[in-house]
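Trainee: Those protein sequences? They're chains A and B, same order as listed.
Each residue of the first sequence is one higher than the last, beginning at 1 in this note's numbering.
Each residue of the second sequence is one higher than the last, beginning at 1 in this note's numbering.
Because the hints were derived from the structure by calculation, they are not lab data.
Among the hints, erroneous ones may be present.
Unchecked claim - Chain A regions said to be covered by chain B (calculated; three or more residues, Cβ under 8 Å):
(1) 37 to 51
(2) 61 to 68
As the list claims (entries may be wrong) - Straight-line Cα separation of at most 25 Å, DSS-like style, residue types lysine-lysine; simulated pairs:
(3) Lys271(B) x Lys312(B)
(4) Lys569(B) x Lys41(A)
(5) Lys41(A) x Lys271(B)
Remember, it's a predicted structure, so these values are computed and weren't measured experimentally.
Idealized CB from N, CA, C, for every residue including glycine.
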Amino acid sequence: MGATKQLCTFSVGEGFFGIPVERVQEVVRPQPITPVPLAPKVIRGLINLRGQILTAIDLRYRLGLGEPGDAKLLMNVVVRTDDSPVSFLVDEIGEVLDVDEDSFEAPPDTLQGEMRNLIGGAYKLEGRLLLALSTERTVSPANELRNKNRD
Amino acid sequence: MSDDLVVEFLVESNENLDLLDRELVQLEKKPGNRDTLASIFRTIHTIKGTCGFLGFTKLEAVAHVGENLLSRLRDGQLSLTPQITTALLQMVDAIRQMLRSIESGGNEGQRNDATLIQTLTSLQSGDVRSPVKSAQPLQQSETSAEAGGNGHGPGSTDGDLSERNTPEIAKCVEPPRPECPAETRPESKEEAGQDQAESSQAQQAGRSSVGEASIRVDVVLLDKLMNLVGELVLARNQILQFTNTIEDGALLAPSQRLNLITTELQEGVMKTRMQPIGNIWSKFPRTVRDVAAACGKQIRIEMEGKETELDKTIIEAIKDPLTHIVRNSADHGIETPDKRMAAGKPPEGRLLLRAYHEGGQVNIEISDDGSGLDSEKIRKKALEKGLITLEQAAQLGEREAVNLIFLPGFSTAEKVTNVSGRGVGMDVVKTNIEKIGGTVDVHSREGVGTTVKMKIPLTLAIIPALIVTSGGDRYAIPQISLLELVRLEGEDARKGIEQLQGAPVHRLRGRLLPLVYLNRELRVENGSPDATHAAAVNIVVLHADDRQFGLVVDEINDTEEIVVKPLGKQLKGIRTFAGSTIMGDGRVALILDVLGLAQSSNVVSEARTRALKEKEAELTTDRGEKQTLLLFSAADDGHMAVPLDRVGRLEEFPVSSLERAGDSLVVQYRGEILPLVFLSDALEERRKRPRHLRPANESASDRLQGIVYVHEGKRVGLIIEKILDIVDEMIQVKSPPSRFGVLYSSVVQGRVTELLDIRAILNNPSTKPGRQPRATVEA
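Using the sequences and the accompanying hints, generate a full structural model.
Mentor: Structural data, given as structure tokens:
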């Protein structure tokens, strides 16, 4: 039995994802979102979390899993970054899971697209795979993403 | 010894050293000023005394020889020479370095100051003045020293200096009483802010009272207070909004009180953070002196409005940009004395720093009377470095060209001196200024000088803003950029907006105001009625970079104090937004960056300086005829105009569409063949510039700008250099025609402008419509 790690889990579309708990500031119910015109499409807008203004990133669109969902229904996973905290909009919040480091495996080369950049690997849980999401890479949009929708 | 004591000593000494820098440079200008000398002496003496007490022997040794030298100066036994000033400044630097190592390592560091000490000592035995000559200054020194209450008389010139100083040292070495630091600190502060010529007696009197009435506060604490006040303002806004929705007298009264108290508290906390800009300026005389000495220049620095106050964070933020500009002006702007003489200027260059409040902002100007910027050179340089395209270069006006120096990667200095041109370019200056919501602009006239003008907000944290709605969302517009609000209703809504070649404009008191639709700029049109068809049009008149424009919004809500919060890094690239804030209902609203908006909607580019025009309009009386003129530039950059009512249309023709018909050039235009007249040809006789520099018709650009006229029943295209603007102008000053084809010259918007005689040009056989121009245009 190897070392264990605690992951905060959530689902987006069919995918089941996890972020180390220490990176997660809190999980918040759907919030009113102020859209930011001219911003890349991944950025859904700004939310007010007790006086702190957070940028909300649509994870479904960010991961290339489809068009942005209905912001009124999406949960916020507030993630700490080296800049100000950022909220990830996800479909559903899962449990905090203790995962075994031994069950971790890098993603196969056949995994393509944006997901390839953002997923560090998978934890092989019983019956399903938990994908480890890189928060840093998710919050710093690649250049092409940043420029997308500019015109 | 306690650490607190050392920290206190460091803070105090650093202030004193800054004062010394200033005073020494001042002294060099007016060597005879006894008051300054006495003050320098006092300052160095204080440093020496304190460090002796704290056991910093090396520091004390350096300060001691400096003091001895100074006392000889003060007593008139020596007169100030540049060598002495340099040595004294070196001493200040040495002390400063030691203080730094004390701060970081707790001791003076491994230094050997023997050379410096020796220099200072040997200078003491320099030219001793004859007793007759020293008699007069001695008298003065006596009075000032006594008035200053320094406790030691002027004494005779031959007295033992160290002995005479003993009582004072003893006084300082006394264990510091609690009030001791408080006593010394305000001294330096006060002196910094005061004219040195003021009597020392007044300083003495002011010192004790200020000392008791002020305390030192950690900036971190002030920052925290500011943040808390920001939160309080937000909470207040929320409560006020809530109060408005319910009719409850019991809640109303306390919430109004809360409102008032919050406002006062906010003002109070903001005031604690205000500092005079003189605090950073005070370092510049030294900077300029060093640059001048290194480059063999003579530079006089003048300051106006150094008491102008700004928030501490802003002071910090503009310190480096200001230093850079001042260095630049001294190094590159002001010429060497012989060059200046050759240009008919006084050998001594002048550097003027000005600061003043205007419309809730602080304007800072740094002007020199140096050689000015060479806009052609800048244009060429920018082209060479690939910062702009050939086409852009050709389209740039004088002012825009000069402002190219703010582009990243730009530096015109031919040789990089050790003073400037070391990577911190003007682009960094601009970025830093814009980061705090300010603007920076450069005006220059070749041979006359350069002025860098900055507009800086007073404070960053809490600003008054106008809240507007567009596309269903609210946006905050900083009040600072707001000029007025215009609402067009009913008939006016339809008629008030006109199209000028596709660009919407509104006639505001007879002047054309370019309009920008916020919906369109933000691309949030989502079905909201197009303003041209709406029942009412709301125009927010804003100014950015000296230009005015009207922002058309769906709704104008209210003004509110908003707390500015920065945007996350994912959104920093969007220039249209300056930040975000939380509204009374808890929702987030974006703050518009008016300058960014103006830039992205092309409002800010070369047009007329409206302010200038307004000033002129004020001066204009009812005499003279009012005309609407089309302004354009001719091949030689001169301004020309024609009455707009004679103009058929304005057109652009691609060079590739030009065709030859016989020996003339024509274009196909609306199913007709349009003959072209090149104005540069019609007016050739005065064109001085060689063709290859600015070819006729601007072959650099692949489009020609033309005015379509109806002449004797036929359309004719008059090709000009560049259309500038359309203006309503009272024609007052008229001078006789300067050349063929010109009716008269007049002053339009501050520039001499030639009014064209279109009839004469089109009738002249040599420029008969369609005749091929002498400049070859590749068709």
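Trainee: If a hint holds in the structure, say so; if it doesn't, say that too.
Mentor: The hints, checked one at a time:
1. 37 to 51: holds (count 10)
2. 61 to 68: violated (count 0)
3. Lys271(B) x Lys312(B): holds, 10 Å
4. Lys569(B) x Lys41(A): Distance of about 15 Å is within 25 Å: holds.
5. Lys41(A) x Lys271(B): Measuring from Cα to Cα gives roughly 42 Å; hence the hint is violated.
In summary, the numbered hints that this structure violates are 2, 5.
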